[in-house]
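There are 2 protein chains.
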Amino acid sequence: MNADGAEQVFFEIGVVVPKRNHEHENEIYDCVEVLVDEFMKMGLKVERIHGLTEEFIKLGAPVEVLGRAAANLQIVKPTSIGMDLQFEWENVDAFLRQPDGSLFSWCERFQCYYHLIYGTINRSKSDINLTFDGKEIQWEAGKSLLHKLESEGIVKQVFPLHDEKKRKNLLRSWALKLKDCTNQPIDDIYSYFGVKIAVYFTFLGMYTRWITFPAAFGLIVDWVNFGSLQLLVLPIFLVSIVLWAVMFFQFWKRKNAALLARLQINSSVSTSQESRVLGMEWSALHSSIGLTKNLGTDKAKLKEAFQRYEWFGYLMRFRNDTIVILSIICLQLPFELCYAHLYAVIKSHIVRFGLTAIYISLIQYFTKIGGKISARLIKYEISESQEYRADSLVYKVFGLYFMQTYIGVFYHALVHRDFLTLRLLLIQRMIISQVKLFLKVRKVFENLAENSLPFLKYSYKKFKAVRNEEQCGKGGSTGKVKFSSRVEKEYLKSTYSASICKELEDGLFDDFLELALQFGMIMMFACAFPSAFVFSAMGNLVEMRADALKLLVMFKRPVPRAATTIGAWLNIFQFLIMMSICTNSALLVWLYDQEGKWKIEPGLAAILIMEHVLLLIKFGFSHLVPEEPAWVRANRMKNVTQAQYMCSRQLFRSISGGEKAFAEWNAERSLHESKKTD
Amino acid sequence: MNADGAEQVFFEIGVVVPKRNHEHENEIYDCVEVLVDEFMKMGLKVERIHGLTEEFIKLGAPVEVLGRAAANLQIVKPTSIGMDLQFEWENVDAFLRQPDGSLFSWCERFQCYYHLIYGTINRSKSDINLTFDGKEIQWEAGKSLLHKLESEGIVKQVFPLHDEKKRKNLLRSWALKLKDCTNQPIDDIYSYFGVKIAVYFTFLGMYTRWITFPAAFGLIVDWVNFGSLQLLVLPIFLVSIVLWAVMFFQFWKRKNAALLARLQINSSVSTSQESRVLGMEWSALHSSIGLTKNLGTDKAKLKEAFQRYEWFGYLMRFRNDTIVILSIICLQLPFELCYAHLYAVIKSHIVRFGLTAIYISLIQYFTKIGGKISARLIKYEISESQEYRADSLVYKVFGLYFMQTYIGVFYHALVHRDFLTLRLLLIQRMIISQVKLFLKVRKVFENLAENSLPFLKYSYKKFKAVRNEEQCGKGGSTGKVKFSSRVEKEYLKSTYSASICKELEDGLFDDFLELALQFGMIMMFACAFPSAFVFSAMGNLVEMRADALKLLVMFKRPVPRAATTIGAWLNIFQFLIMMSICTNSALLVWLYDQEGKWKIEPGLAAILIMEHVLLLIKFGFSHLVPEEPAWVRANRMKNVTQAQYMCSRQLFRSISGGEKAFAEWNAERSLHESKKTD
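Top to bottom, those sequences are chains A and B.
Just so you know, we're using UniProt numbering here: the first sequence kicks off at 1 and counts up by one.
Just so you know, we're using UniProt numbering here: the second sequence kicks off at 1 and counts up by one.
Some clues are possibly wrong.
Where chains are identical, the list cannot tell them apart; a pair therefore holds if satisfied intra-copy or between any two copies.
[Said to hold, decoys possible] No farther apart than 30 angstroms at their CA atoms in a straight line, the calculated lysine-lysine pairs in the DSBU-like style are these:
| hint | residue 1 | residue 2 |
| --- | --- | --- |
| 1 | 301 | 255 |
| 2 | 253 | 303 |
| 3 | 301 | 253 |
| 4 | 255 | 303 |
| 5 | 303 | 618 |
| 6 | 618 | 379 |
| 7 | 253 | 618 |
| 8 | 618 | 255 |
| 9 | 493 | 45 |
| 10 | 464 | 502 |
Please keep in mind that the hints were generated in silico from the structure rather than gathered at the bench.
Could you build all of it, start to finish, from the sequences and the hints given here?
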């Protein structure tokens, strides 16, 4: 793309409205026509496509229009001097372009589109009466038309459109490329799907590469006879996989920081990390300032208000966490234990099968309810950023899944303390129910099913649509009906969203959940079944391609998310490492106790010491290797120093010019905020 | 103090030169006279005092002189708009003043003085010949005169001077105030001693307040009989003290952040934290950029150079740590075990006493050597900031002291697994050798001794000085000899420096070491002797006042240090908490195993589970409560946003003006750097 303004405009947003009778009289007051007019007035490029049952309004924006919206939104972008500044269209050349040459990233573009299309405000002083198929609709002064139409059910959906050319390119260069799997075109993924999905695939690629080491080691441990050293093999294996896992996640943090630096998402590194530590975003604090504005500039009062706000937030989070943890322990744990116990006691295979069927149907119901309760609880927490709430949900829901996945194995490990049967049981359970079914069959078949199910759904919807068409027999408006118009196809695809809570999490939740549960399974029972890593490694290879295909073929283009790290999942993985140190030590104790070759006393002591040393390493290692590579940090610091020098003159002038500039700035800001809150 | 320039100038730096024969001829080439001339030319206020054997040059600087030096040094200071900017004398009103009303903090002033007095450079093109008591000294062109005179041994010392008025105020309001001990005038301490010492006393005050809880609980546990619940009391005590310790250190981090925000050391919060995580300061990276300057602006090469540099740094640190750990384990551990074993085996009290005497003399020798080796090892690490090196030394030396203090107790705990005798032994050891001797006798007496020893030293030096005077019989130069001149008194006081390595650590090292060893002793054997907390609490009260007195009365005014946190000690305290969870669990296992009331199996399992839960809490808690209070963060973020807005215009102008401004800036910077390296 060239920089001199002659960029091609792509249609990136689709708005769905029902088809209407065009026989009505005054078209100028038809609400859809008014909406389209408003869009055109804004400078958006509009294309209207009449599908079978709906009408689609495809929207594209020239870069100037996006730029104005970005300036309104006060989007902060990196500039060529390294400092991040609020975007201004007049100084467009100062801002760095994306790796693919465009000015705005997909996430920023989406934000701007959203700002634009929901900014269709009635600027006259009186309400405007619009019609829709004869029905009257009142567009109140100062309200957004799109919001109004959405609440009336006239605008059925607003969704981002796929870009066919880029999608096909990605299919060829990424999803359908079979050799050199772990080498993914991350820059292209970033520019097409946004940063969160790019981070996920970077993580998946790195994980798949790294897991080859424990997979190879696990195979050796399982299949080679070490003779008299056999007793030492498992502890060594445990130590090495724990070290592997600890190093993997520390280096992942570094890779994440390096990735963000490469994609020029400079400032968000520190802010997202900070917000992760703090548990609340600046936006939340800012709104709290808004609340305490009536306190004036009294610093002590403001500080007190902040403290109250902060501690109230902790209190709410603590309450929610307590509710979730208690309900998991008091409701889910007995249920799971009951199933595990019944399964162990009952000998008849048919009854067992029936029991499992009942269990599976019940547990799905359970999980759904759990997810809904968690999502509702989070709404009572202080309204913080979307990413923070998503993380909070992830923790709570992972608790549910953790119990559901592992409690059966724990139960058997505790009851059958005879290690050999336990080992057999574990291998059996893991290979059959988990690894094969979970990793290979479920991955491949479910991804195939996922790939075909939406297609079947689509076909069914198409069939229904055609039948409706035939029943109505009206033929639609002339010429404009393209039966298999691309936008209609996309509209009929399902949305990339989490199974548990559609509003807060996207489809990555399910993928990450699978990854984490699989990681927990292979790590926590590593000593009982070292070969599990091989299955996991192979499963990951399949997963990478399946996820890519899923995103490109099966779903609507996902709404871009701004998360720059893997967020809550990192902490969950760290927790699983800690758990695996403990469970594996317990397994070792039982193993050597059982075989009677070591005396329990020194053996137990040795294993306990090993466990504690491993825990120490796990928590100490993050102090040794920093989370951010030196060159990333150097880059950031250099930029800050440079920028500081550049602006010092201007700043001094404004300071010496009294607080006037400030007052202006504050006035402007508060005006803007009051607009926002309206 | 008033803002309009008429500030009083205090003498803050003393330079010591020997007294000379004033009968020599050409005084204009006398090096001391030249030095004084140079000082006066700079605008420094000079007062010369002739003591008994030395001459003292007292230096004070008007605020303009300091300001120019600060601008030269590119000191970054907070401004009234919240952003930190490089100091410029022209815009002095823009910069925030210290809480006590002065423009520069003591640390900044000291930096400026240093920059000024060592900036006495020979600006002529040829060398200048100076004389000192007839001896010729060549002042090379472009070299600093003070450096030259120091290397020639003519300038004996450069040291900061006490400010009598402020010192007396502090004595009254702080060191000699007996009631409400924990409420210290931190702002005054900060403005007199600098941030590191203020942080130490804040920590000590908070620690003393917080320790009352475990002290009270410990007393109850030890002296109340709980009847049938007696078995549960110790585990509950353990859980509560671990929770207490974890919370204390998390809240300490918050308090530290709040303190820095109050003292307007805004930016250093984040940078110091970052540098702690990263293990290396920006300055180091910058110098590395200097090294790689010949690589040009090739980004990939620069990145590679950074990576090499970073990994080489880790390698060196890893090597040093390995050397230290191995030598502690292979050399110190056998020695300590040998002593502990001999002490346990030998029954005769006299032989025991002799053994202990030999041990103590040997161990002191050991520790000294260890400290020297550590200090030398650190010099081989990549030259990073002083604070980083000090932290690195602290870790290494603490390893030595850790072994020395606890290995005997561990040995007895392992050998005498009979809990009651062990408990008796521990109580005995702790009360007698540790708590009484260490905390009370050593604290009080040593502090008294510390308070009287320097005084005795001073008296002896005075006595010697007087004798010299009499022997010389010259009477000094007329009128100017004040025998007990304050500056001479101060010169004879000892320096506030660490016993282990004078260059890297100040006197706080010894205080922190004592605090940490005491904390480890009471925490790690808490279950064996809960009352120890009481002794510690009382010891702390004494310590607070003793340290204050020590600083104000016994030592020269310490050189201010820029460290804004307690640095390495925080990690050491965290490590001790982790150790205490493990050791106390082990103690509990032995206790309940011994008394035979619990069966070992469920009891052991219960204790192990408790231990793991505690470890989980210890490492999870820091995720729950952020290290920085919301109001501090809000303040910082608000400032950044404001500043960004303020300077965006100027920045855009400079960007559109091409890279010219940059080139200028870079040229200026590199010029400055090349000057520095000279």
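Okay, the hints, checked on the actual structure:
In this assembly of identical chains, residue 301 and residue 255 lie within 30 angstroms of each other by CA distance solely across copies; the values are 18 angstroms between and 42 angstroms within a copy. With identical chains, the CA atoms of residue 253 and residue 303 are at most 30 angstroms apart between copies only, with a shortest distance of 18 angstroms across copies and 34 angstroms within one. For the identical chains of this complex, residue 301 and residue 253 are inter-copy neighbours only, at 22 angstroms across copies versus 39 angstroms inside a copy, given an alpha-carbon limit of 30 angstroms. In the homo-oligomer, the alpha carbons of residue 255 and residue 303 lie at most 30 angstroms apart only across protomers (14 angstroms), although the nearest pairing inside one protomer, at 37 angstroms, exceeds that limit.
For a Cα distance limit of 30 angstroms, the shortest separation of residue 303 from residue 618 across copies, 28 angstroms, qualifies, whereas the shortest one inside one copy, 37 angstroms, does not. For a Cα distance limit of 30 angstroms, the shortest separation of residue 618 from residue 379 across copies, 29 angstroms, qualifies, whereas the shortest one inside one copy, 34 angstroms, does not. Taking the closest pair of Cα atoms, residue 253 and residue 618 come within 30 angstroms of each other both inside a single copy (15 angstroms) and across two copies (22 angstroms). For the identical chains of this complex, residue 618 and residue 255 are neighbours both inside a copy (19 angstroms) and across copies (27 angstroms), given an alpha-carbon limit of 30 angstroms.
Taking the closest pair of Cα atoms, residue 493 and residue 45 come within 30 angstroms of each other only inside a single copy of the chain (24 angstroms); across copies the shortest separation is 82 angstroms, beyond that limit. Proximity of residue 464 to residue 502 under the C-alpha cut-off of 30 angstroms is restricted to the intra-copy arrangement: shortest distance 25 angstroms within a copy versus 85 angstroms between copies.
Checked against the numbered hints above, the structure violates none of them.
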